[in-house]
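**Q** These are the residues of each chain, in order.
Number of protein chains: 2
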Amino acid sequence: MSELRWDPLKNNWTIMTKGRGRRPQDFLQKREQVKMAACPFCNGNETKTPPEIYAYRPDGSRANQPGWQVRVIPNKFPALGIEGELDNRAEGLYDRMNGIGAHEVIIEHPDHDKSMADLTTDELAEVLKAYRARMLDLHRDGRFRYIFVFKNFGIEAAANVPHSHSQLIAVPLVPPLIATELESCREHFARKERCLICDLIRQERETKTRVVRDDGNFISYAPYASKFPFELMIAPLQHSHDFTLCTDQQLLLLADTLGDSLRRLRSILRDPPYSFILHNAPPLHLRRGRPDYWGSLPVDYHWHIEIAPKLTNVAGFEWGSGFQMNPTPPEEAAEFLRQADPTVRYQD
Amino acid sequence: MSELRWDPLKNNWTIMTKGRGRRPQDFLQKREQVKMAACPFCNGNETKTPPEIYAYRPDGSRANQPGWQVRVIPNKFPALGIEGELDNRAEGLYDRMNGIGAHEVIIEHPDHDKSMADLTTDELAEVLKAYRARMLDLHRDGRFRYIFVFKNFGIEAAANVPHSHSQLIAVPLVPPLIATELESCREHFARKERCLICDLIRQERETKTRVVRDDGNFISYAPYASKFPFELMIAPLQHSHDFTLCTDQQLLLLADTLGDSLRRLRSILRDPPYSFILHNAPPLHLRRGRPDYWGSLPVDYHWHIEIAPKLTNVAGFEWGSGFQMNPTPPEEAAEFLRQADPTVRYQD
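The listed protein sequences derive, respectively, from chains L and H.
Residue numbering for the first sequence follows my numbering, starting at 7 and increasing by one per position.
Residue numbering for the second sequence follows my numbering, starting at 7 and increasing by one per position.
Worth flagging that the hints you see were computed from the coordinates, not collected in a lab.
One thing to keep in mind: the hints can contain errors.
No copy is singled out in the list; a pair is fine if it fits within one copy or between any two copies.
What the hints assert, rightly or not - Derived SDA-like pairs (lysine to any residue); straight-line CA-CA distance at most 20 Å:
| # | residue 1 | residue 2 |
| --- | --- | --- |
| 1 | Lys214 | Gln345 |
| 2 | Lys16 | Asn49 |
| 3 | Lys214 | Tyr352 |
| 4 | Lys16 | Leu183 |
| 5 | Lys198 | Ala96 |
| 6 | Lys214 | Leu99 |
| 7 | Lys16 | Asn94 |
| 8 | Lys135 | Arg63 |
| 9 | Lys16 | Gln353 |
| 10 | Lys82 | Asn70 |
| 11 | Lys16 | Leu179 |
| 12 | Lys120 | Cys252 |
| 13 | Lys120 | Arg200 |
| 14 | Lys16 | Gly98 |
| 15 | Lys16 | Glu193 |
| 16 | Lys135 | Leu251 |
| 17 | Lys16 | Asp101 |
| 18 | Lys16 | Pro182 |
| 19 | Lys16 | Ala185 |
| 20 | Lys214 | His118 |
| 21 | Lys135 | Pro182 |
| 22 | Lys198 | Pro14 |
The structure displayed is predicted, hence computed values, not measured ones.
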């Protein structure tokens with residue numbers, strides 16, 4: 007029997023379908039290696055990109071020269087533009103806003119052939135520090151309501167530049183799905199004086215069937231109403247609403263869990279295309295005294311990372327209904343991922 | 007400058023991106039013809055499918071024999087199962103419901119090589135009559151809250167059987183996106199005593215820039231906050247909440263506009279993959295005296311069809327934020343589609 011599942015955080019239902027391919031081997035895909043003549047993200051090609059905004063240079067080398075380990079640059083083809091003032095107005099029954107924002111690229115490593123799953127925990131922690139640094143900087147710009155950090159791996163849209171990178175987009179309003187999560191958390195707290203995500207984590211630790219890894223600092227689990235096969239959520243066990251408050255030590259611990267999750271997915275799904283997203287609370291100063299504006303009151307939210315392998319095809323039904331169909335129950339996904347050996351590249 | 011646009015029906019924002027490919031020729035894709043040894047949907051292969059539920063047989067031929075023009079069968083691999091009683095319960099903080107529903111396939115024409123855009127207006131009207139007949143029948147089953155009719159064309163998920171077909175899924179709750187639209191319409195009416203979609207159509211007819219076709223009965227236009235390039239909305243000009251109330255004559259007029267829209271898309275985008283969805287009000291008897299249950303009060307809704315060509319790739323940002331990025335402003339899409347010649351298969 008298929009099953010519908012409701013997630014109190016997303017406030018949404020997922021249809022867990024029955025009798026269709028659901029195991030890792032049902033999803034194996036061929037990944038094409040895109041070869042580029044001269045990759046602009048490679049060490050030594052710094053002049054082929056816009057000037058860097060941030061870099062981690064352990065050797066103390068100069069900006070826009072080789073020697074960096076992580077490098078952040080503006081996106082050459084930004085979805086939103088950094089120049090101008092916000093212009094927010096009605097157009098009859100509709101509303102429009104001009105597309106003020108920032109769009110940056112975080113180059114995760116100088117080596118063209120290393121994916122995020124190949125990075126050491128120390129190297130991955132430096133990528134997370136770059137996220138933190140750029141978010142803190144952009145939070146000072148009063149035009150932005152939200153800073154969005156995400157990564158596409160092996161997905162057509164991202165394959166233009168195969169060199170491992172993440173992206174950051176600053177947007178002039180809180181994204182709809184984040185707003186829903188903030189609202190769920192806020193309502194739950196108003197009623198129960200407890201954080202919803204803390205409650206979910208507590209239930210997951212008791213149930214255990216959906217937990218992939220729990221090292222006492224971070225938990226990685228397959229969400230109850232997962233929209234996608236082998237979807238994962240990574241969250242700190244200790245309540246925190248804002249990723250940018252993480253210490254270096256916490257980022258190192260996060261890098262450990264994140265790297266482990268990516269390697270487990272790679273091991274059983276053979277380098278699956280995936281997206282991951284950092285879900286964070288908007289900064290407090292954006293509340294600006296307006297009760298309807300989300301700001302980072304510590305009780306409002308619990309930051310986390312969501313990883314979604316792209317194994318199924320979203321077509322008419324999902325697009326038009328808002329229901330997602332998922333053939334792999336999260337309990338099965340978690341079992342496969344627990345048994346995966348993260349040290350083996352492709353498991354049989 | 008990019009632009010953010012808000013749609014009062016979807017209650018959602020779309021980012022209209024600038025400086026990226028946006029014209030029809032930027033989206034042309036290679037479509038692979040899938041050849042099948044023996045297509046179960048073809049005339050003469052009726053025994054290869056489950057027994058038919060409905061058929062239009064102009065020659066009066068017997069069920070499950072050749073001679074049909076439209077044929078409806080149960081999906082062999084249903085996403086939801088027809089047997090059993092609803093079981094709706096909590097699981098700690100979560101909720102689950104067993105997957106009771108129906109999943110049917112509407113075979114639109116006996117000829118394997120005809121796509122929906124190839125059908126005559128009369129033939130297409132018979133497909134719409136099959137939708138209506140199946141919806142009316144399933145509305146009598148008290149376990150279902152909503153009947154969802156959609157079509158995937160040229161999309162991986164649907165390409166298992168290339169023979170032209172639509173699908174119908176009955177679900178035990180109102181799909182999230184439909185619920186949002188119903189809520190938008192209901193709130194608008196409560197405040198203004200007018201149908202929101204009637205208001206939107208009135209504004210579109212005045213603005214004109216987004217209208218593709220308006221024959222006095224049905225309007226086809228590119229929505230203001232289109233999530234996808236060349237997205238189209240088709241709606242009756244005269245207010246009606248429920249598609250199943252359409253007369254044969256109205257379905258003939260709808261077939262005329264729907265066929266025209268599909269042929270215009272084909273002409274300039276060369277058989278693009280697309281999905282279309284029928285958005286309808288849930289039937290009145292499902293309200294069951296509960297004020298929080300959507301039922302088809304005539305003021306609550308205005309049925310319509312949404313067509314979304316699948317030209318862009320939904321990746322991390324869209325999936326994780328709920329923002330869609332669309333490079334083609336609907337005013338430009340409508341201009342291309344107005345100029346398209348629907349009688350020419352592939353326009354240059």
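**Q** Hint by hint, note whether the structure agrees.
**A** Hint by hint, here is what the structure shows:
Proximity of Lys214 and Gln345 under a CA criterion of 20 Å is satisfied intra-copy only: 14 Å inside one chain copy versus 59 Å between copies. Taking identical chains as interchangeable, the C-alpha atoms of Lys16 and Asn49 are never at most 20 Å apart, the minima being 41 Å within one chain and 45 Å between chains. For the identical chains of this complex, Lys214 and Tyr352 are neighbours neither inside a copy (26 Å) nor across copies (56 Å), given an alpha-carbon limit of 20 Å. With identical chains, the CA atoms of Lys16 and Leu183 are at most 20 Å apart both within one copy (7 Å) and between copies (13 Å).
Taking identical chains as interchangeable, the C-alpha atoms of Lys198 and Ala96 lie at most 20 Å apart only when they sit on different chains, with a minimum of 18 Å there against 38 Å within one chain. Taking the shortest alpha-carbon separations for Lys214 and Leu99, only the inter-copy value of 15 Å comes in at or below 20 Å, while the best intra-copy value is 49 Å. In this assembly of identical chains, the alpha carbons of Lys16 and Asn94 lie at most 20 Å apart only when taken from different copies (19 Å versus 28 Å within one copy). Proximity of Lys135 to Arg63 under the C-alpha cut-off of 20 Å is restricted to the intra-copy arrangement: shortest distance 13 Å within a copy versus 67 Å between copies.
Within a single copy, Lys16 and Gln353 get their C-alpha atoms no closer than 33 Å, and across copies no closer than 44 Å, so neither meets the 20 Å cut-off. In this assembly of identical chains, Lys82 and Asn70 lie within 20 Å of each other by CA distance solely inside one copy; the values are 16 Å within and 59 Å between copies. Taking the closest pair of Cα atoms, Lys16 and Leu179 come within 20 Å of each other both inside a single copy (18 Å) and across two copies (17 Å). In this assembly of identical chains, the alpha carbons of Lys120 and Cys252 never lie at most 20 Å apart, being 26 Å within a copy and 59 Å across copies at closest.
Neither within a single protomer nor between protomers do Lys120 and Arg200 lie at most 20 Å apart by alpha-carbon distance, with minima of 41 Å and 58 Å respectively. Within a single copy, Lys16 and Gly98 get their C-alpha atoms only as close as 31 Å, which misses the 20 Å cut-off; across copies the closest is 16 Å, which meets it. In this assembly of identical chains, Lys16 and Glu193 lie within 20 Å of each other by CA distance solely inside one copy; the values are 13 Å within and 23 Å between copies. With identical chains, the CA atoms of Lys135 and Leu251 are at most 20 Å apart within one copy only, with a shortest distance of 11 Å there and 59 Å across copies.
Taking identical chains as interchangeable, the C-alpha atoms of Lys16 and Asp101 lie at most 20 Å apart only when they sit on different chains, with a minimum of 12 Å there against 25 Å within one chain. Proximity of Lys16 to Pro182 under the C-alpha cut-off of 20 Å is found in both arrangements, the shortest distances being 11 Å within a copy and 11 Å between copies. Taking CA atoms no more than 20 Å apart as the test, Lys16 paired with Ala185 passes in both settings, with 10 Å inside one copy and 15 Å between copies. Neither within a single protomer nor between protomers do Lys214 and His118 lie at most 20 Å apart by alpha-carbon distance, with minima of 38 Å and 50 Å respectively.
In this homomeric assembly, Lys135 and Pro182 never come within 20 Å of each other (Cα to Cα): the closest approach is 26 Å inside a single copy and 37 Å across copies. Proximity of Lys198 to Pro14 under the C-alpha cut-off of 20 Å is restricted to the intra-copy arrangement: shortest distance 14 Å within a copy versus 32 Å between copies.
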